[in-house]
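Asker: The primary structure of each chain is shown beneath.
2 protein chains.
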Amino acid sequence: MKILIVGGNGTIGKKVSQHFSEKHEVITGGRDSGDVIVDITDSKSIKAMFETIGKVDAVVCAAGEAKWAEFSSMTEEDFYIGLKSKLMGQVNLVRIGKDYINPGGSFTLSAGILADHPVALTTSAAMVGGAIHSFVKAVSLELENSIRINVVSSGLVEDAVDKYEAYFPGHNPIPMKKVVNGFVKSVQGKGNGEIIRMYDNC
Amino acid sequence: MKILIVGGNGTIGKKVSQHFSEKHEVITGGRDSGDVIVDITDSKSIKAMFETIGKVDAVVCAAGEAKWAEFSSMTEEDFYIGLKSKLMGQVNLVRIGKDYINPGGSFTLSAGILADHPVALTTSAAMVGGAIHSFVKAVSLELENSIRINVVSSGLVEDAVDKYEAYFPGHNPIPMKKVVNGFVKSVQGKGNGEIIRMYDNC
Chain A
7 MKILIVGGNG TIGKKVSQHF SEKHEVITGG RDSGDVIVDI TDSKSIKAMF ETIGKVDAVV
67 CAAGEAKWAE FSSMTEEDFY IGLKSKLMGQ VNLVRIGKDY INPGGSFTLS AGILADHPVA
127 LTTSAAMVGG AIHSFVKAVS LELENSIRIN VVSSGLVEDA VDKYEAYFPG HNPIPMKKVV
187 NGFVKSVQGK GNGEIIRMYD NC
Chain B
7 MKILIVGGNG TIGKKVSQHF SEKHEVITGG RDSGDVIVDI TDSKSIKAMF ETIGKVDAVV
67 CAAGEAKWAE FSSMTEEDFY IGLKSKLMGQ VNLVRIGKDY INPGGSFTLS AGILADHPVA
127 LTTSAAMVGG AIHSFVKAVS LELENSIRIN VVSSGLVEDA VDKYEAYFPG HNPIPMKKVV
187 NGFVKSVQGK GNGEIIRMYD NC
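As given, the protein sequences belong to chains A and B, one line each in that order. If you want this note's numbering, it's the 1-based position in the first sequence plus 6. If you want this note's numbering, it's the 1-based position in the second sequence plus 6.
These are computed hints drawn from the structure, not numbers from a lab. Treat the numbers as computed from the prediction; the structure is a model and nothing was measured. Any given hint might turn out to be false.
The list treats identical chains as interchangeable, and a pair is accepted whether it falls inside one copy or across any two copies.
In silico BS3-like pairs for lysine-lysine, Cα to Cα no more than 30 Å straight-line [stated by the list, open to error]: (1) Lys169 / Lys53; (2) Lys104 / Lys184; (3) Lys104 / Lys73; (4) Lys104 / Lys50; (5) Lys184 / Lys50; (6) Lys8 / Lys21; (7) Lys184 / Lys73; (8) Lys196 / Lys169; (9) Lys90 / Lys50; (10) Lys8 / Lys53; (11) Lys90 / Lys29.
Whenever a hint applies, use it, and build me the whole structure from the sequences.
Answerer: Next comes the structure, spelled out in structure tokens:
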């Protein structure tokens, strides 16, 4: 398979890329590094990326950001950071990418445990995650050419524990091997419209 | 109680307003009609509304729109209709309204069954619904002064059957009395961060 992994150099994307590279052709995309440079907040950049790499069998996205802050300090504009990046960035990857994916191919997006089990400071990140969950269910009803779509939502991943542990009191870290398997299940399984949840203790 | 009902003249809002008017002071808000005119896509309009009506005990929102269309025809801008109206309109009602709500008061937002059980043409509407579900859970962790927030999500409501039936094959209409009770549960109950689902057959 020819697999595009957007955010292929991030905490999760790196492990996902390493795994798929063993048996597949992997193209990593990123804002600052990767085989192809792409800014998912910009539809033109997404279109240019697909024009460069051509048709693929699978698109995996492990990219996108949202602002973490106390709700009382969040401005309207702060919410749009997540809406433009993690939400519409991924929606646009599907909207544009569906014309560059081979029949029977798949999209795998990323959300996270916050969609179902938010913690403090995550009104924006949780909202965007919930939006992606529902979008994936809805768009799975309409994609043509047997193209599938799923979303992987993981709890606090092992490789991000040092950075995020304090924000997730009592959350059990999810081993990277399990997280990678979420993406494998989506790309190599037959599921469509699935929210692949990897949570541990909720 | 002094209750603001935004979208108080819509299909659902009308019935909710009628119910609460029996025993409470109800102020209806709407884009074209109501006791106070408000455009929830415009933060300045929301702020002006609260400045006009002063402090309230409960804010109910039964307003907001999103574009229904085939995913293959949806432009990036089409998605922003729902993001700016039904999603950020409601987020901004909370963001701004929290300073105009009495201690112990409540917000009740609206989403819908599409967040969990989308039908064709609803990639945007489903997405916005899922976003609101997760936002409500997240913001309930942070609101101060014992202010509560919940969201009511109903299946196809009885009073909208004529207009929407064809889009919801096999969905059992939800009686208006049940829908109204969802709002009553949120406003007069003690729940916080709840998604009050009124679905029938899923």
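Asker: All the hints need checking, so say for each whether the structure fits it.
Answerer: Status of the hints after comparison with the structure:
no., hint, verdict
1, Lys169 / Lys53, "neither (33 Å within a copy, 37 Å between copies)"
2, Lys104 / Lys184, "within (28 Å within a copy, 40 Å between copies)"
3, Lys104 / Lys73, "both (28 Å within a copy, 20 Å between copies)"
4, Lys104 / Lys50, "within (15 Å within a copy, 38 Å between copies)"
5, Lys184 / Lys50, "neither (34 Å within a copy, 46 Å between copies)"
6, Lys8 / Lys21, "within (17 Å within a copy, 54 Å between copies)"
7, Lys184 / Lys73, "within (26 Å within a copy, 37 Å between copies)"
8, Lys196 / Lys169, "neither (34 Å within a copy, 36 Å between copies)"
9, Lys90 / Lys50, "both (14 Å within a copy, 22 Å between copies)"
10, Lys8 / Lys53, "within (18 Å within a copy, 51 Å between copies)"
11, Lys90 / Lys29, "neither (34 Å within a copy, 43 Å between copies)"
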